[in-house]
Amino acid sequence: MLGFTNNFDKPEPPILATNYSYFKSVFNRQDSLKLVPGAPEDLIMTEYTRPDLTPSPACLAVAPTGELFVGVDMIGSLGKDMGKGFIRRFVDSDNDGAMDKHTDFARVDNPRGIFVLGDQVFVLHTTFDTNTGIATGMDLVVFDDKDQDGVADADPKVLIKGLSNAKYIQERGTDHATNGIRMGIDGWIYIAVGDFGFHNATGADGKKLTNLGGGVLRVRPDGTEMELYTHGLRNIYDVAIDPYMNIFTRDNTNDGGGWDIRFSHQIQSGEYGYPLLFQNFTEEIIPALAMLGGGSGTGSLYMDEDTWPDKYNKVPMMADWGRNFLYMHHVTPDGPSFKQKEEEFIKLPQVTDVDVDGSGRLYLSAWDGAGYSGNPDKGYVVRVVPKGWTYKAFPEVKNASIDDLKNLLKSGSSTTRLYASQELVARASEEASTAALGIAEDKSLALSTRVAGIYTFAQIAKDKGISELVQLAKEPEVREFALRALTDRLGSLDQVPTDPFIAGLKDPSVRVQAVSAVSLGRLGRPEVANSLLQVAVPASFIAPPKGKEGPHDVPNSAIIFPHLAVKALVRLNAVNPSIGFLGTENPDLALWALRYMHDPRAVEGLIAAYGKTKDQKLKDKILVTLARLYKKEADYDASWWWGTRPDSHGPYYKAIDWESSPVIEKFLLAENAKSGASKKAYYADLNEKFRMEIAAFNAPEPKAVASKEPTEKKVDLDKIKNQKGQVGKTSIEDVMIALRKVKGDPAKGKALFTKQGCHACHSVNKGEAMKGPFMGQIGGIMNREQIAESILKPNASISQGFSTVLVSTKDKKNYMGFVTQETASKVVLRDIAGNVTTINKTNIASRKEMPNSMMPAGLANSLTIEEFASLVSFLEKQK
Numbered sequence: 001m002l003g004f005t006n007n008f009d010k011p012e013p014p015i016l017a018t019n020y021s022y023f024k025s026v027f028n029r030q031d032s033l034k035l036v037p038g039a040p041e042d043l044i045m046t047e048y049t050r051p052d053l054t055p056s057p058a059c060l061a062v063a064p065t066g067e068l069f070v071g072v073d074m075i076g077s078l079g080k081d082m083g084k085g086f087i088r089r090f091v092d093s094d095n096d097g098a099m100d101k102h103t104d105f106a107r108v109d110n111p112r113g114i115f116v117l118g119d120q121v122f123v124l125h126t127t128f129d130t131n132t133g134i135a136t137g138m139d140l141v142v143f144d145d146k147d148q149d150g151v152a153d154a155d156p157k158v159l160i161k162g163l164s165n166a167k168y169i170q171e172r173g174t175d176h177a178t179n180g181i182r183m184g185i186d187g188w189i190y191i192a193v194g195d196f197g198f199h200n201a202t203g204a205d206g207k208k209l210t211n212l213g214g215g216v217l218r219v220r221p222d223g224t225e226m227e228l229y230t231h232g233l234r235n236i237y238d239v240a241i242d243p244y245m246n247i248f249t250r251d252n253t254n255d256g257g258g259w260d261i262r263f264s265h266q267i268q269s270g271e272y273g274y275p276l277l278f279q280n281f282t283e284e285i286i287p288a289l290a291m292l293g294g295g296s297g298t299g300s301l302y303m304d305e306d307t308w309p310d311k312y313n314k315v316p317m318m319a320d321w322g323r324n325f326l327y328m329h330h331v332t333p334d335g336p337s338f339k340q341k342e343e344e345f346i347k348l349p350q351v352t353d354v355d356v357d358g359s360g361r362l363y364l365s366a367w368d369g370a371g372y373s374g375n376p377d378k379g380y381v382v383r384v385v386p387k388g389w390t391y392k393a394f395p396e397v398k399n400a401s402i403d404d405l406k407n408l409l410k411s412g413s414s415t416t417r418l419y420a421s422q423e424l425v426a427r428a429s430e431e432a433s434t435a436a437l438g439i440a441e442d443k444s445l446a447l448s449t450r451v452a453g454i455y456t457f458a459q460i461a462k463d464k465g466i467s468e469l470v471q472l473a474k475e476p477e478v479r480e481f482a483l484r485a486l487t488d489r490l491g492s493l494d495q496v497p498t499d500p501f502i503a504g505l506k507d508p509s510v511r512v513q514a515v516s517a518v519s520l521g522r523l524g525r526p527e528v529a530n531s532l533l534q535v536a537v538p539a540s541f542i543a544p545p546k547g548k549e550g551p552h553d554v555p556n557s558a559i560i561f562p563h564l565a566v567k568a569l570v571r572l573n574a575v576n577p578s579i580g581f582l583g584t585e586n587p588d589l590a591l592w593a594l595r596y597m598h599d600p601r602a603v604e605g606l607i608a609a610y611g612k613t614k615d616q617k618l619k620d621k622i623l624v625t626l627a628r629l630y631k632k633e634a635d636y637d638a639s640w641w642w643g644t645r646p647d648s649h650g651p652y653y654k655a656i657d658w659e660s661s662p663v664i665e666k667f668l669l670a671e672n673a674k675s676g677a678s679k680k681a682y683y684a685d686l687n688e689k690f691r692m693e694i695a696a697f698n699a700p701e702p703k704a705v706a707s708k709e710p711t712e713k714k715v716d717l718d719k720i721k722n723q724k725g726q727v728g729k730t731s732i733e734d735v736m737i738a739l740r741k742v743k744g745d746p747a748k749g750k751a752l753f754t755k756q757g758c759h760a761c762h763s764v765n766k767g768e769a770m771k772g773p774f775m776g777q778i779g780g781i782m783n784r785e786q787i788a789e790s791i792l793k794p795n796a797s798i799s800q801g802f803s804t805v806l807v808s809t810k811d812k813k814n815y816m817g818f819v820t821q822e823t824a825s826k827v828v829l830r831d832i833a834g835n836v837t838t839i840n841k842t843n844i845a846s847r848k849e850m851p852n853s854m855m856p857a858g859l860a861n862s863l864t865i866e867e868f869a870s871l872v873s874f875l876e877k878q879k
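Last residue of the sequence shown: 879 (the UniProt record's numbering), numbering continuous.
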C-alpha cells in the first residue's frame, strides 16, 4: 500500500498540509464562469478545474454537500511506474459555481473508483511494493477525514485486498482491471470488475473469492460479506444503480472486432457470457439490451434528482471515453428487465466519469487526450446544471433528528434518500428502525420512498425484522423489494421462511418471479429444488446454428426467469432432483441446470435416463448435456488471462478433463458405434462444438507449432515510409490546420488505404481475417483529428491491445507482432508484413510488450495534403 511517505511534485507544502493560501497562489481563480460547449441549450456547462489541478482525471465522486473528489491518474491504463496518482478535493465554498479551495486528500496510484460517505472516502486503486516499485494488485480501501479538513487523517483501512490480477497489471497496466464503485440504496458497495478478474481477493472478515473474468462484485461498507453479483462482462468501468436496485453497465466485445458496446441490465446471479458463451452458447446467457457499435464505456450514474428537467431525469447516464459523449439510455420495462433507447446527451472529449451532488450539480471529468499513460497537461472537470437552477444547501444529516431523516427519505432526490438512509443505519437505534418501517408501510408514499424505507429497515433490523418484511411481502406493490430484502444478507437467513418465495415463483409479476428464484438459491435449502424445476423453458432457448453467432444483443425477457431458476438450482447443487425430472413432461430446465453440475451423480443419472427413454429428442438433449459436461473449466490461479482477443468459441477457455470424462467418452463412443452413417456427423458436430477432442469422432487438429500462413501481397512499408511528400515536409500542427479546410474525397481515400499498405494490417469489414486494429468503426470511436494523429504519430496513442509484443521461444527464436488471437494453449501473432505465426505457450520463454507501436511513423509522408485528407475522410466514414 502506497502511503503518505512521498510529497507531490510541487516542493511545498507537504501532502498533509491544508494551506489554502498556498493553493490559491497556484490556482488562478476565475472571477467569472467559463462556459464549455457540448451540453444541450437548456443546461449550463462550465469549467470547474483545469489541467494544472486535475491532469488525467480517471474518476470522481462528489459528496452530497458538494465537496468534489477527483482521482488523478498519471500512470494511466498502460503505464507501470508508481507514485503518479493522487486524490484531490475541491470546494466551492460560496456556491457560485467556481471552485475556490482545494486540498490534496491522499496519495494513491491508479485511482479507479471513489465514493464518499460522511467522514469516509472509499477508494479503489492499484497497489505497489514501495521497495521494488512493482504493482501488487488492487485494493478497496477507506480513508477517514473526521476533522473535515480535506486531508485524509491517516493511512486507510483495507476493505478488500487483491481485487485484480497482479501478474497482468504488472505486464499490461490497469486497463482491464477493477474499476468504479457505487453504493445502492440497499447499503452495498457495488464494484465494476474488469476481465482480468481476481484471485483470492480477501475481505476485511477474511472471506476469499476468486473470479475468472469480469462482472459485478459487492461488499458491505465495512469490507465484510463480499460476494459476486453477476458474471460474464468484459471491461466495465462503473455501474449505474436506480432506486429499485436495477443495475446497468456498458461493456465491450472483443478487441479487433470494433470494441462493440454492450448495454446491459445486471440481474443478480445472472451470466452475461463474455467471452465464452456470447457467440456460440447464447441460449445460456442473459443477453444485452443493445449492441451499440464501437466505443469504450467509462463512468456511469443513474440520474434521479427532482432538481433536473424530466427529459434528463430517471435515466442511466453512461460515459463513453471512445465516443466523447455522455449518453442517456431511456429504459422502459420489459418483463423482469427493460428495453432501451440510447440518446447522445453531453459531448466531452474522452469523458471518464460522472456524479451528482444532493443539490443537483452534475460533475464530469474529461481525459481530453491524456493518452494511455497519462499526461500532466491534459484533463479537466466541468460542472453542469439546468438553466434556472438555484443552489439549495444539502441538510447536515449528522445533526438531523430521526423525524428529519424520515422526511428526507421522502425526497425526490435519490442522493438525499441514500444519505438519509445511511445515517439512519449508522444510528442503528430502535427509533431509527421504527421510522424506516413506518416509511416502508406507508401506502400513500411514492414507490421509490417506500423501497428506501424497506432497505433501510432491513439493514437496521437484520434478522429481527423478518416478520415485518414477510408482512410487507404480502402487498403486491412492494412484494419484489421485501422478498429481496429478506435474503439480502446471507448471515441472516436461518429464520426466513421459504413459503413466500415458493409462492413468488407463480406470482403474476415476472419481477417477483425472478426475485423469488434468486432468493431460493440464496436460502440454500435443497428441498425447494422441485419447485424451481417446474419453471418452464421458453421456445427461445435454442442454440445458435452451426457457424452462426447467436443473438447476444437482442433483449429476451422470456429467458431471464428460467435462467435465474437454473442458477439457483446450481447453487443448491440439486443434482438428484434434476435427474429425477428427466422422466417428466418438462425435463428441459433440469437438462439446462445439469450442464453445469460436474458431479459423477449427474453423469450417471443422465446415462441411465438415456437408456430408459425412447424419445429421440430427449436422447439428443441428453447427449448434448453429456458433451457439455465432458470438460470443465480449470480452476483460476491468476497465472493466465485470455487477453484482449480471446478464443470465444466456448464453452470453456482452459478446458480440462475431470473424473467423469472417461465415463462420458466411453458412453458416447459406444452410442456412436451403434449409430448409422447419418448420425456420425451428429457426433462429429458435438465433438467440435464442445471441443471434446475425442479423436474417434474427428481427426485431431495438427499440433500447434510456429508456422507462417500465406497472406496478402506484401507491402514494402520502409520504402513507403521514406518517400518524401507534402505531408512529410509539413509540421503535424500545420497538417491538422489544413485538415480543417481540406475535406478530401473518401473514394480516393479508399484507394489510398490499399495503395499505402494500410490493408496489410487493418481490415474495414468484419468478414475479413483478423488483422490489426479494426477500422470498420473507427469513425464512431475517433474524430477527424484523432484519426489523423494516430496515422502521423502512431506511438502517441497505441490502440488498446495492439502494442507490439516480442515473444522469445525456448528454441531460441524471436517473433514480433501484435496478438490476433489467444487461447489457453497458444498465441497467434501478426507481424508488420502481415505474416501470421502460431506459437505454443509451452514453447514461450519470454513475452514482452514493447513501448512502440508496430506501425512506423511516416507512412503518410509521401502524400499530398489533399490525399491525406481523403484517407482520413474515408476512415472517418467507417462507422
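Calculated from the structure, these hints are not laboratory results.
Hints may contain errors.
[To be verified] Listed below are the simulated EDC-like cross-link pairs for lysine to aspartate or glutamate, each with C-alpha atoms no more than 16 angstroms apart in a straight line:
#1 Lys621 with Asp588
#2 Lys654 with Glu633
#3 Lys813 with Glu785
#4 Lys146 with Asp119
#5 Lys879 with Asp260
#6 Lys84 with Glu283
#7 Lys474 with Glu441
#8 Lys311 with Asp42
#9 Lys339 with Asp588
#10 Lys621 with Glu396
#11 Lys743 with Glu866
#12 Lys506 with Asp494
#13 Lys208 with Asp588
#14 Lys826 with Asp647
#15 Lys398 with Asp647
#16 Lys548 with Asp685
#17 Lys208 with Glu866
#18 Lys614 with Asp553
Evaluated hints:
1. Lys621 with Asp588: Holds: Lys621 and Asp588 sit about 8 angstroms apart, inside 16 angstroms.
2. Lys654 with Glu633: holds (6 angstroms)
3. Lys813 with Glu785: violated (40 angstroms)
4. Lys146 with Asp119: holds (5 angstroms)
5. Lys879 with Asp260: This hinted pair holds, its Cα atoms lying about 11 angstroms apart.
6. Lys84 with Glu283: violated (45 angstroms)
7. Lys474 with Glu441: holds (11 angstroms)
8. Lys311 with Asp42: holds (11 angstroms)
9. Lys339 with Asp588: With Cα atoms ~27 angstroms apart, Lys339 and Asp588 exceed 16 angstroms; violated.
10. Lys621 with Glu396: violated (61 angstroms)
11. Lys743 with Glu866: holds (8 angstroms)
12. Lys506 with Asp494: Answer violated: Lys506 to Asp494 is near 24 angstroms, above 16 angstroms.
13. Lys208 with Asp588: Given that 16 angstroms is the threshold and the Cα spacing comes to 34 angstroms, the pair is violated.
14. Lys826 with Asp647: Holds - the C-alpha atoms of Asp647 and Lys826 are around 10 angstroms apart, at most 16 angstroms.
15. Lys398 with Asp647: violated (53 angstroms)
16. Lys548 with Asp685: holds (14 angstroms)
17. Lys208 with Glu866: violated (60 angstroms)
18. Lys614 with Asp553: violated (37 angstroms)
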